[in-house]
Structures are given as structure tokens and as C-alpha cells.
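Can you make the complete structure from the sequences, with help from the hints?
Those protein sequences? They're chains H and B, same order as listed. Under my numbering, the first residue of the first sequence is numbered 1, with each subsequent residue one higher. Under my numbering, the first residue of the second sequence is numbered 1, with each subsequent residue one higher.
What the hints contain is simulated information worked out from the structure, not anything from laboratory work.
The calculated DSS-like cross-link candidates involving lysine-lysine, where the alpha carbons are at most 27 angstroms apart (straight line), are:
id : chain 1 : residue 1 : chain 2 : residue 2
1  : H       : 2         : B       : 129
2  : H       : 272       : H       : 371
3  : B       : 84        : H       : 397
4  : B       : 109       : H       : 2
5  : B       : 246       : B       : 228
6  : H       : 158       : H       : 51
7  : B       : 141       : B       : 222
8  : H       : 51        : H       : 371
9  : H       : 397       : B       : 109
Simulated DEER-style distance windows between Cβ atoms:
id : chain 1 : residue 1 : chain 2 : residue 2 : range
10 : B       : 145       : H       : 19        : 33 to 41 angstroms
11 : B       : 19        : H       : 295       : 52 to 60 angstroms
12 : B       : 146       : H       : 12        : 18 to 26 angstroms
Glycine residues also receive a C-beta, built at the ideal position from the N, C-alpha and C atoms.
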Amino acid sequence: MKLVHVLSEALRAMLANPLRTMLTMLGIIIGIASVVLMLAVGDGIKAFIDKQLSVLGSNLVIVQADSRKAVGARLRTGTVQTITLDDAEAINRLPSVKGAAPMLTTYSQISYGNDNTNTQVQGTTPTSFVIRNLRLAKGIGLSEVDVASATRVAVLGKKVAEQLFYKNDPIGQTIRIDNQSFQVIGVLDNEGQSFDSGDIGEVVMVPISTARVTLVRTATPRSVQYVVVQSKTTEGLNDMVADIKDLMRDRHRIRADDVDDFRVVNFGEFAKTGEAIATGLSIALGFIGAVSLVVGGIGIMNIMLVSVTERTREIGIRMAIGARPSDVLWQFLIEAVAICVVSGIIGVALSAGVASAVSSTGKFEMMIGLKAVVIAVVFSCVVGVFFGFYPARRASKLQPVECLRYE
Amino acid sequence: MNVSIASSRAEGALVEITDVRKSYFSNRVETPVLHGINLHMQRGDFMAVMGQSGSGKSTLMNILGCLDTPTSGTYRLAGVDVEKQSRAELATLRNRTIGFVFQSFNLLKRMTILDNVALPLIYAGVSRKASRDRAQTQLDKVGLGELANRQPNQLSGGQQQRVAIARALVADPPLILADEPTGNLDTRTSNDIMALLNELNRERGQSIILVTHEPDIAAHAKRLVRLKDGLVLYDGPATEGLRQLKTDDSIATIAEAAL
Ligand SMILES: Nc1ncnc2c1ncn2[C@@H]1O[C@H](COP(=O)(O)OP(=O)(O)OP(=O)(O)O)[C@@H](O)[C@H]1O
Ligand SMILES: [Mg+2]
Chain H
1 MKLVHVLSEA LRAMLANPLR TMLTMLGIII GIASVVLMLA VGDGIKAFID KQLSVLGSNL
61 VIVQADSRKA VGARLRTGTV QTITLDDAEA INRLPSVKGA APMLTTYSQI SYGNDNTNTQ
121 VQGTTPTSFV IRNLRLAKGI GLSEVDVASA TRVAVLGKKV AEQLFYKNDP IGQTIRIDNQ
181 SFQVIGVLDN EGQSFDSGDI GEVVMVPIST ARVTLVRTAT PRSVQYVVVQ SKTTEGLNDM
241 VADIKDLMRD RHRIRADDVD DFRVVNFGEF AKTGEAIATG LSIALGFIGA VSLVVGGIGI
301 MNIMLVSVTE RTREIGIRMA IGARPSDVLW QFLIEAVAIC VVSGIIGVAL SAGVASAVSS
361 TGKFEMMIGL KAVVIAVVFS CVVGVFFGFY PARRASKLQP VECLRYE
Chain B
1 MNVSIASSRA EGALVEITDV RKSYFSNRVE TPVLHGINLH MQRGDFMAVM GQSGSGKSTL
61 MNILGCLDTP TSGTYRLAGV DVEKQSRAEL ATLRNRTIGF VFQSFNLLKR MTILDNVALP
121 LIYAGVSRKA SRDRAQTQLD KVGLGELANR QPNQLSGGQQ QRVAIARALV ADPPLILADE
181 PTGNLDTRTS NDIMALLNEL NRERGQSIIL VTHEPDIAAH AKRLVRLKDG LVLYDGPATE
241 GLRQLKTDDS IATIAEAAL
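Given below as C-alpha cells:
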């Protein structure tokens, strides 16, 4: 018997009792929708984390002073230990380090003409652009010369540039930061959240030397707030953290039994935690999906058993005119699978609706990928075969003479 | 395929049953129904089976139709030893060798007349298109070509039985088995159906075995088999058999009157 024929028979059987078919499909629809949404949520969170990582750059750690720990141990000697430019340079020389950028940050009022805004200003070095994946939409970035001679130049985040200049070209214009003039030399292209400064679009970057002179008062002439460090490789990240700790303890002359006076914050770990949460959420949704698929599958099995009983006479007639047991088995199995696959398709449509509703809020991007659709169809087929097999086998084992006697 | 089976076996008997016994078992209690039936039938024969209710006619027909198996005895159908066949092989054997006509028509609901008639061909592996074409031709032959797209419940009983006959014939099987095909029809419609079967037997040499309670219907057949309590009481020409039947009945009436 041809597949087309079996499929049209399945369709006919489904349409014979549309309400019952619809109610039967509900469990599978919900199950498939949750499985697809599970994948979409998981993918969404992973994409979100990846996007964050690409904004802040990967394999980054921050080295900063740990004042909590420094207090008891160090204040006695009268020196407040901070991280210095020399620390940053020493870290930069470590073989496992790709680059280390010292940072001085502050909140300042930025103005151009009559427009002004309050935002974060970061004093930093050109290295910062490289290790944090910063790209320029316009103009040029900070240079070593700018840092060496403390020039009054600034690179604007995308949103800051829009706020102050609308559609006009900011390059070469003079803005005021805390009432001191700076020339705009570049505009950043990056968007999204950054680990140390909130929205990267709302940041203004200036040479660290200029920041020290004009904007930020520091404890010593060489101290910095923190250093952003990137390792050469992902695998080498943990070794690099160990190297930095050894180096810093050595430079800060910390005795073996004393605690660190600095902290190394590993952002890769945060990303890992985020991914672990995403995985946990996926597992929870997957569990809900699996439970509804099983419940739905049992519903299918139940209806198929009812259907086999109701159609006993039909089975007898078919067998009398030449249907082999395998033909009967296929007929009922394909019917169960067809119910599941149609449910699967409706489930995917339902989850696509939910996903686009969630995405339209703008808070979280949910995408139903081809992978999800394929998995949904495969899952629904598996459920159909698994729960449809027993009723179908039962139908195929019926004796023709008994079926024909059945009223 | 049908044609090759039919022609290659043409020399042998179509139906050979030897000492067939059948008992039903319910709650381990044996109810013997057929007590040793012997029947041979050549191609082209038209046999009527008569007997009182409960004499085992339907039981015999089910065995002949390979729908049920005898408790003992042998059955060769078109040269094939039926007992040795698997369930799947039996299905194929039924599909190619037998056309069924039932008392209650047994058309499939929610399916057009055309699809009903085409179904045996679908199970034989014929393509959808070809099956439908042949089904349409067969429907035309029984005079219902116009109604091809109706559903069975939109037809009269007589029309439904014609459709059933078209379905029985569509795969061109050597044997038609009809268990009380006119049992649910009035006399006029019954005569139409019998005329159709008669024509098939005369013009195409179609072999037919038909169960009936009515001597008028049995009179269309060439040969009569009378069953009584699971044994063959008479097996011979229909005319002679029906005359004996009449005599037996009048004796029974007289005996009854005498009591
Ligand atoms: N499935 C069954 N289980 C047990 N006994 C059965 C079964 N089918 C038939 N019988 C018994 O077998 C006997 C013969 O039944 P069968 O149906 O062959 O009679 P019949 O000659 O066709 O009768 P009718 O003319 O009424 O159709 C009856 O006594 C009946 O009760
Ligand atoms: Mg009967």
C-alpha cells in the first residue's frame, strides 16, 4: 500500500471526528510548544551572553585594589596601597597577558552648545580599545601620543554622540567635560552593556593622563582605579590569573601568611554562571515539555485504542478484501504519527507566537530556529510512533472473522 | 498477477475441502458445528448453499473465505494449501482469489463509492490512479457509474449491494463468496442482484458460492449444497435439490400436522 494512500486515510480518520482529534492534540501541542520555547529561551540567553562577551571582549579580568582586606594589614604602615600604572605595566609584560589597560573613571557633565548630559568618562590607554573589542564608527581612537602628552581629546560613545550632535558630524568639534574643553576625535560603534560602565554607548573615553590632570583626583600621581587585562588564550586564562596574583603579591610585598590587598575579577566566570543558569532554565522547561509530551502521548494512545475498537468492523472488512496485518498496523501507526506531527506544527506556530510577543517587548530576543522546528517534528514523530504502536499492533492482531461479527 | 494465478491453476479444482471440521470454544466448552465436510468445486460453477439457521453455513463460508481456520481437515483454494499460509499470505490470497459480498453490504463509511470499490486494488499495490480508473469501469458495469462520488449512506440497500459486488469483482478474483447477499433486500431488488450474479456466471464464467434461505434465490444456481447439523445433506444439481427440498418440507409439514 502506498504512503499517499495511508496518509489520506489518516487525514480522513482525523477529520471524521474533528473535535476529538483537536482535544487529543492539545497535550502534544503544549508539549511541543514548551520544548521549542525551551530551546528558544536557552538560545536567547546564550545569544545574550555571547553578545555581552563580544561587547566587553573575551578572556578579560579586572585587577582592582581590595580595600576591605588592605585595611588591617596595611594602614599601620601609613601607606594606602592602590594599583598603579607601574603595576599595570608589569602585568602587561607577563607572557600570558595579551594586553593590560589601566583605568580612571568618573561621572561628569558633558556639554556641547546648549545640550548637556551626565555620563561616565573613562580615562584609559589605546590598549583598552584592542582588548575590549572597541570599534570606531567615525574618526580615530586614542593614541600613545595622546596618553604621553595628556592631550584633551575624547572618543564618544554612540548614544552620547547622538544626544549632543543629533545627526551632525561630531569629529573635530569641541565639547566640555566638567567645564573643560576637549576635542572629539572619534565615535564608538559598539552597543550593549559593558561589564564596568553600563551601556558602552553612553561612555566618553579620554587619555588616562588627561583624566588624571583634569577630571579625577587620585591618591598618588600614578595610582589607577583598576586594570583591565586580557589573556592570550581562553585556556590560559586561569594560569594568567595565577601569574597576576603572584606578580601583585610580589610587587606589593605581601608576606606569605597575609591576604591579598587586591582582587582579580574574572568575567569569564560570570559568563559561565550565566550559561549555567540558562542551562538550568532549559532543563526545567524541557522537563515540563517532556511531561506534557508523555501525558499527551498517553492521550493519543487512549484515543487510538478507542478508535481501534470503534473501527473493529472496518478493520474486518479491510482484512477480508486483502489488507495484510502490516497494512492495518501502518494505517493506525501513521494515523497516530499524523496526529502528533500536525500537533507539532501547531505547537511550533504557537511557540513562534509566544516568542514574537516576548521579542516585541524588546527586553529579550527569542528566536525559533530551524533546529527547534526539526527537533519538534522529530519529537512528535517519536511520540506518535511510541504511543501509537501498541494500539496499531493490537488492530493488526485482530482476527478478520471476529471483526466482521463485531457490531 | 490474478490472471497468471487463474490461468496456471485453471486445470485443478478451485475449491477442495476434505473432511473439514469446525468447533467453537467458549469457556473451554467445545461446540462442534461442522462435522466433516467434503466439497469440490470447479471453475465456472455457481453453487447455492442452503440449510436451517445454525446448520453451519456461515461457519463454512468463513472457512472458504480464509477468514477463519478449520479445527481439522484440509482446504485447498486455487491450488494453495490454506492451512500452511501465514496471516499476511492469507490476506494476499483473499485479495487475489476471493471477492466477498456480505448480507450487510459492509461498505466503508466516510469514503466515496469509488474509493470503496478501488480499495482491493490499493491493497494489491495498484497505483491510486489506475485503481480509480478500474473501479469506475466496474461501477459502470453494475450500472452505478454516475454515483461514484457519493458516500455509502446516500445509497439504497440494493445500490449498496451492487457497489459491494463491484468491489468484489474489481480485482478480478476467480471466486465470489456471498453469504445471504439478498437477506436485507426486498424481492424485486433481490431478483435484480441475482440477475447480475447470474449474468456474471454465464458470461464471464465467474465462480460463485452463495448462501441463501430462499429456494427462489437458490434456483438461479447450477448446483445446490444442503447442510444439516454440520453435514452435507445434499450435493447435486440445483433443480433436483430444490425438488427434494420441497418434498422434505411437505413431509415435515405433514409430520407436524400429524403431531
Ligand atoms: N463465534 C462463535 N462462537 C460460538 N458459537 C458460534 C459462533 N459462531 C457461530 N456459532 C454457532 O455455530 C452454529 C452455526 O452458526 P452459523 O452462523 O454457521 O449458522 P448459519 O447456518 O449461518 O445460520 P443462519 O442461517 O442463521 O445465518 C450455531 O449454532 C451458532 O450458535
Ligand atoms: Mg449465517
